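Protein chains: 2
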Amino acid sequence: MRLLITNDDGVHAKGIHALCKELEKYHDIIIVAPDDQRSATSHSITIAKPLIVKEVELPDIKSKAYSVSGTPADCVRVATDQIIKDKVDMVVSGINIGYNLGTDILYSGTVSAAVEATLCSVPAIAVSTESSAEDYVYENAAKYIKKVIEVAVSNKLHEDIVLNVNVPPIKDEDIKGIKVCKIGKLQFHHYYKETGKEQENLVYKLEGERVVNHVEETDSYYVDNGYVTVTPLHYDLTNFNILKDVGKWF
Amino acid sequence: MRLLITNDDGVHAKGIHALCKELEKYHDIIIVAPDDQRSATSHSITIAKPLIVKEVELPDIKSKAYSVSGTPADCVRVATDQIIKDKVDMVVSGINIGYNLGTDILYSGTVSAAVEATLCSVPAIAVSTESSAEDYVYENAAKYIKKVIEVAVSNKLHEDIVLNVNVPPIKDEDIKGIKVCKIGKLQFHHYYKETGKEQENLVYKLEGERVVNHVEETDSYYVDNGYVTVTPLHYDLTNFNILKDVGKWF
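Protein chains in written order, with UniProt numbering: chain A, 1 to 250; chain B, 1 to 250.
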């Protein structure tokens with residue numbers, strides 16, 4: 001298969017290297033990723049500035065790689081429209097350095113790149129793990145993605161489906177299995193701290209920590225219990241559960 | 001009620017002025033909006049830089065107004081966490097200069113600010129109209145929002161619901177009514193044009209136009225047929241339709 005690999009940590013991040021190194025053993029890979037860190041850029045796209053696309057060499061990676069002066073969603077768009085002339089069979093976004101769990105995925109550039117792929121009619125997988133200094137954490141996550149791709153292909157992963165995968169940062173033998181589940185609640189409790197004044201203006205800094213906010217049978221619950229989680233996502237934000245009710249209001 | 005008003009076109013945009021001017025007749029308003037244009041920033045948040053919050057005076061507006069050196073989602077977060085000490089009853093985001101229809105709402109800072117409000121347990125309304133030089137277009141959209149707020153309150157709009165409203169840029173007497181409906185397909189056909197080379201790098205510029213891509217009974221279909229559209233949105237990206245099926249894959 002021809003796979004486009006992207007991320008939001010930038011083309012030089014160790015997560016995307018580990019992913020490419022594993023997947024280029026089995027597939028044709030093209031990396032098109034941001035030129036720098038783009039965490040928390042969500043589904044933003046660059047509309048007012050041009051995108052600069054540069055071929056880059058990555059150590060120990062055989063596949064072609066390009067950096068883009070834009071967001072993860074920009075990477076998917078310019079890659080499928082211009083850089084890659086042939087059909088892309090799947091987009092894999094990651095490995096993100098930090099989980100993408102619960103409603104926090106709304107902020108994620110990694111997940112948004114995968115959602116953008118489905119808007120371009122390409123099925124996609126987003127993959128994240130907890131930040132770690134250990135290489136085996138990323139190598140292990142990459143091996144799980146090889147497996148998830150095989151399963152997805154043998155089940156004909158439809159072009160409008162994103163699978164959001166999180167892998168716990170533990171040794172392979174300690175992983176209890178794969179759980180397909182819904183997303184949970186907000187993971188990061190964020191708050192602002194007033195850090196001073198600049199002339200008349202107030203200055204705030206964002207602080208926060210991950211909270212254990214478990215709802216059973218959700219992604220954060222399972223990942224904290226040693227499972228790899230797989231959540232199918234979609235891109236239609238309509239709240240169909242209440243569409244009829246709201247229809248009676250007007 | 002105490003309403004927080006924000007947008008993605010920036011605190012000095014004419015859409016937010018028209019909205020505030022209408023709603024401050026009936027409600028307590030605080031404006032907290034980006035200091036400049038932030039279109040297409042989606043649900044991105046500022047994590048690495050501090051946010052600078054500045055009180056600003058807006059011509060013909062009595063309500064307090066603040067500019068923020070961040071995204072629309074940042075505005076909602078810092079406003080509810082720090083700037084506004086009392087409970088906010090509702091967030092209204094807009095009036096966006098340009099429709100927010102179909103799956104294009106994924107890119108929208110205006111819609112994302114409203115979604116962020118619901119993550120902060122505040123019900124929210126996003127409102128957009130087609131870009132227009134005519135003041136009455138924005139004044140008319142503001143009057144519809146006054147009405148939508150009344151209806152939402154009398155039906156106890158729940159804290160986890162966003163209503164996405166689009167108002168066509170036509171005279172009030174030509175508007176056929178209000179339709180509650182699902183979102184449609186992609187509205188903008190985007191493509192990249194190679195505009196030259198900088199040293200060894202390729203440079204691409206985004207171009208695009210709105211395409212008529214109507215699916216019946218969707219927001220774009222109705223708005224192009226002279227209706228104000230209201231779509232309830234949610235923030236759980238889990239694809240529940242296929243969750244069980246994917247569960248059988250692994």
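Just so you know, these hints were derived from the structure itself, not from any lab. Just to be clear, a hint being listed does not mean it is correct.
For chains that are exact copies, the list does not tell them apart, and a pair is met inside one copy or across any two.
As the list claims (entries may be wrong) - Calculated cross-link-like contacts (lysine-lysine; reagent style DSS-like; alpha-carbon spacing at most 25 angstroms):
no. : residue 1 : residue 2
1   : LYS205    : LYS176
2   : LYS182    : LYS244
3   : LYS193    : LYS147
4   : LYS205    : LYS49
5   : LYS179    : LYS244
6   : LYS21     : LYS185
7   : LYS147    : LYS87
Bear in mind the structure is a predicted one, so any value in this text is a computation, not a measurement.
Here is how each hint holds up against the structure:
1. In this assembly of identical chains, the alpha carbons of LYS205 and LYS176 never lie at most 25 angstroms apart, being 39 angstroms within a copy and 47 angstroms across copies at closest.
2. Proximity of LYS182 and LYS244 under a CA criterion of 25 angstroms is satisfied in both settings, with 24 angstroms inside one chain copy and 10 angstroms between copies.
3. In the homo-oligomer, the alpha carbons of LYS193 and LYS147 never lie at most 25 angstroms apart, since the shortest distance is 43 angstroms inside one protomer and 37 angstroms across protomers.
4. Proximity of LYS205 and LYS49 under a CA criterion of 25 angstroms is satisfied inter-copy only: 7 angstroms between copies versus 28 angstroms inside one chain copy.
5. For the homomeric pair LYS179 and LYS244, the shortest alpha-carbon distance between copies (11 angstroms) is at most 25 angstroms, but the shortest distance inside one copy (33 angstroms) is not.
6. Within a single copy, LYS21 and LYS185 get their C-alpha atoms no closer than 33 angstroms, and across copies no closer than 36 angstroms, so neither meets the 25 angstroms cut-off.
7. For a Cα distance limit of 25 angstroms, the shortest separation of LYS147 from LYS87 inside one copy, 22 angstroms, qualifies, whereas the shortest one across copies, 48 angstroms, does not.
Checked against the numbered hints above, the structure violates hints 1, 3 and 6; every other hint is satisfied.
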